[in-house]
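Here the protein sequences come in this chain order: V and G. Letter 52 of the first sequence, counting from 1, is numbered 52 in the working numbering, and no numbers are missing. So the mapping is simple: the working numbering equals the position in the second sequence, first residue as 1, plus 164.
Calculated from the structure, these hints are not laboratory results. Check before you lean on any hint, since a few could be wrong.
Said to hold, decoys possible - Non-contacting residues of chain V with respect to chain G, defined by C-beta distances greater than 12 Å in every case (computed):
{"#": "1", "residue": "24"}
{"#": "2", "residue": "26"}
{"#": "3", "residue": "40"}
{"#": "4", "residue": "56"}
{"#": "5", "residue": "81"}
{"#": "6", "residue": "84"}
{"#": "7", "residue": "87"}
{"#": "8", "residue": "111"}
{"#": "9", "residue": "115"}
Claimed, not checked - No farther apart than 25 Å at their CA atoms in a straight line, the calculated lysine-lysine pairs in the DSS-like style are these:
{"#": "10", "chain 1": "V", "residue 1": "86", "chain 2": "G", "residue 2": "305"}
{"#": "11", "chain 1": "G", "residue 1": "223", "chain 2": "G", "residue 2": "259"}
{"#": "12", "chain 1": "G", "residue 1": "252", "chain 2": "G", "residue 2": "305"}
{"#": "13", "chain 1": "G", "residue 1": "349", "chain 2": "V", "residue 2": "86"}
{"#": "14", "chain 1": "G", "residue 1": "312", "chain 2": "V", "residue 2": "86"}
{"#": "15", "chain 1": "G", "residue 1": "349", "chain 2": "G", "residue 2": "252"}
{"#": "16", "chain 1": "G", "residue 1": "349", "chain 2": "G", "residue 2": "335"}
{"#": "17", "chain 1": "G", "residue 1": "347", "chain 2": "G", "residue 2": "259"}
Unchecked claim - One-sided and incomplete, this derived list gives chain V residues near chain G with beta-carbon spacing under 7 Å:
{"#": "18", "residue": "41"}
{"#": "19", "residue": "72"}
{"#": "20", "residue": "80"}
{"#": "21", "residue": "83"}
{"#": "22", "residue": "85"}
{"#": "23", "residue": "89"}
{"#": "24", "residue": "108"}
{"#": "25", "residue": "112"}
{"#": "26", "residue": "148"}
Here the structure is a predicted model, which means the values were calculated and not measured. Where is the CB? At the ideal position from N, CA and C, for every residue including glycine.
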Amino acid sequence: MRLFCLLAAFALALGPTVAAAGEIRVGSLVISQPWLRMPPSGASTASGYLTITNLGTVADRLVAVGSDIAPVAQIHGMAVENGVAKMWQLSEGLEIPAGTTVTLEPRSLHIMFMHLNRPIELGAPVAVGLKFENAGKVEIEMPVVPMGAPAPTSGSANPDGASP
Amino acid sequence: MKVFRAVRIAAYAGIAILAIALWPGTKEESKPVAVRPAIGGPISLTAHTGLPFSSETLKGQPYVVFFGFTQCPEVCPTTLYELSRDLKALDPQSKDMRVLFVTVDPERDTPDSLANYLSSFDARIIGLTGTLDQIAATAEKFSVFFEKVPTSDGYTMNHTALSFLMDRDGKFFGTLDYEEGDKVKLEKLTRLLREG
Chain V
1 MRLFCLLAAF ALALGPTVAA AGEIRVGSLV ISQPWLRMPP SGASTASGYL
51 TITNLGTVAD RLVAVGSDIA PVAQIHGMAV ENGVAKMWQL SEGLEIPAGT
101 TVTLEPRSLH IMFMHLNRPI ELGAPVAVGL KFENAGKVEI EMPVVPMGAP
151 APTSGSANPD GASP
Chain G
165 MKVFRAVRIA AYAGIAILAI ALWPGTKEES KPVAVRPAIG GPISLTAHTG
215 LPFSSETLKG QPYVVFFGFT QCPEVCPTTL YELSRDLKAL DPQSKDMRVL
265 FVTVDPERDT PDSLANYLSS FDARIIGLTG TLDQIAATAE KFSVFFEKVP
315 TSDGYTMNHT ALSFLMDRDG KFFGTLDYEE GDKVKLEKLT RLLREG
């Protein structure tokens, strides 16, 4: 009985991790809520988003991204300042400080897939490889979300209900 | 000690200059004037059909002008998506309203690539390209800023993300800000159709 209780407690503790579908662990990182926005017809770029949580005590860094949909994938920052949309490449990669969550989402950070070499289709998730300085490599799948549809999370991206 | 005194004198001098600058007497020049800013002007470029286009042909109908580029990952597709949705929402009043999508990347955005790109959006959106000089002159009329930003694999563009609302005489009526909510944008477009 005692053993059963112990097992039940253990299962309960594991519960949240197991229940959150789509979460991927690599080293001390948890990658969740990946998605890619369906680009317009003939567009040569697409942007992908995801959330990275560092459960460890040491900072890590996303240093490279790759996918078979495009020969080039870069980590980009984006902001609208005084009405001007600005974009820049994070050529040193993206730091994931220890004990924090970094979210790539519209109006801030994205993975920019450039020179798309095949059309992206709704319902056909895109395989994306991520390389971290410490945690190493991991492959994830980004579901394709229709243009104008909100991110597949109830995150804080659009408090006013605007499409991202 | 001498140094301290010098600093103190400099500080007093600074305060005196500031006081003169802020003196009420000088403020009178900056009274608000109720005049619409002279933003915009006629646009003559090449449409995504490959044919010449002039905004003069739009006289009598309000229109919207947005500057962007097809390799833009977020702001441009989102703006064009939202404008497409709003044009439909405002049917049939918006039947003859046009949206001009002026590329700030004419080197890569040919009429053909614009046509392909715009097939994803409402047919009332007209893609416009031209020579870099023509684009720069058009952007200047709207006080639109754009610049190339190098990346390890070429370049991307920084650009003004406002949509300009022009009335039926082709005069500036207002703007849509990328950061505004959907409701505000739709209200502004409704007002443009009604009063612009």
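Taking the hints in turn, this is what the structure says about them:
1. The claim that residue 24 of chain V lies off the interface holds: its Cβ sits roughly 24 Å from the closest Cβ of chain G, which is beyond the 12 Å cut-off.
2. No beta-carbon of chain G is positioned within 12 Å of the beta-carbon of residue 26 of chain V; the least distance is around 25 Å.
3. Once the 12 Å rule is applied to beta carbons, residue 40 of chain V is inconsistent with being away from chain G; the minimum gap is 4 Å.
4. For residue 56 of chain V, the shortest C-beta to C-beta distance to chain G comes to about 29 Å, beyond the 12 Å cut-off, and the non-interface label holds.
5. With a minimum CB-CB distance of about 9 Å to chain G, residue 81 of chain V fails to clear the 12 Å threshold, and the non-interface call is violated.
6. Listed as outside the interface, residue 84 of chain V is inconsistent with that label: its C-beta sits roughly 5 Å from the nearest C-beta of chain G, within the 12 Å cut-off.
7. A beta-carbon of chain G is positioned within 12 Å of the beta-carbon of residue 87 of chain V; the least distance is around 5 Å.
8. Under the 12 Å C-beta cut-off, the non-interface status given to residue 111 of chain V relative to chain G is violated; the minimum distance is some 9 Å.
9. Annotated as non-interface, residue 115 of chain V brings its C-beta within 12 Å of a C-beta of chain G; the closest such distance is 8 Å.
10. For a cut-off of 25 Å, the pair hint linking residue 86 of chain V to residue 305 of chain G stands: about 21 Å separates their Cα positions.
11. Taking the CA atoms of residue 223 of chain G and residue 259 of chain G, the gap is near 15 Å; set against the 25 Å cutoff, the hint holds.
12. Between residue 252 of chain G and residue 305 of chain G the CA atoms are separated by roughly 29 Å; this puts the pair beyond 25 Å, and the hint is violated.
13. The hinted pair formed by residue 349 of chain G and residue 86 of chain V meets the criterion: a straight-line CA distance of about 21 Å does not exceed 25 Å.
14. Note on residue 312 of chain G and residue 86 of chain V: the hinted pairing holds, with a Cα-Cα distance of about 10 Å set against a maximum of 25 Å.
15. Our distance criterion of 25 Å between C-alpha atoms is met by residue 349 of chain G and residue 252 of chain G, whose separation comes to about 14 Å.
16. Annotation: proposed proximity of residue 349 of chain G to residue 335 of chain G holds, straight-line Cα distance about 19 Å (limit 25 Å).
17. With a C-alpha separation of about 20 Å, the suggested pair residue 347 of chain G and residue 259 of chain G falls inside the 25 Å cut-off, and the hint holds.
18. Checking residue 41 of chain V against chain G: minimum C-beta separation of about 4 Å stays under 7 Å; hint holds.
19. The beta carbon of residue 72 of chain V comes within 5 Å of a beta carbon in chain G, closer than 7 Å, and the hint placing it at the interface holds.
20. Because the closest C-beta pair between residue 80 of chain V and chain G is about 5 Å apart, less than 7 Å, the hint holds.
21. Because the smallest distance between the Cβ of residue 83 of chain V and any Cβ of chain G comes to about 5 Å, under 7 Å, the interface hint for this residue holds.
22. The criterion of a C-beta within 7 Å of any C-beta in chain G is met by residue 85 of chain V, whose closest approach is roughly 4 Å, and the hint holds.
23. Taking 7 Å as the C-beta contact cut-off toward chain G, the hint placing residue 89 of chain V at the interface holds, the least distance being around 4 Å.
24. Given the 7 Å rule on beta carbons, the hint for residue 108 of chain V is violated: about 10 Å separates it from the nearest Cβ of chain G.
25. For the restraint placing residue 112 of chain V at the interface with chain G, the shortest Cβ-Cβ distance is roughly 5 Å, inside the 7 Å limit, so the hint holds.
26. A distance limit of 7 Å between C-beta atoms decides the matter here; for residue 148 of chain V the minimum to chain G is near 4 Å, and the interface restraint holds.
The structure is inconsistent with the numbered hints 3, 5, 6, 7, 8, 9, 12 and 24, although it conforms to all the rest.
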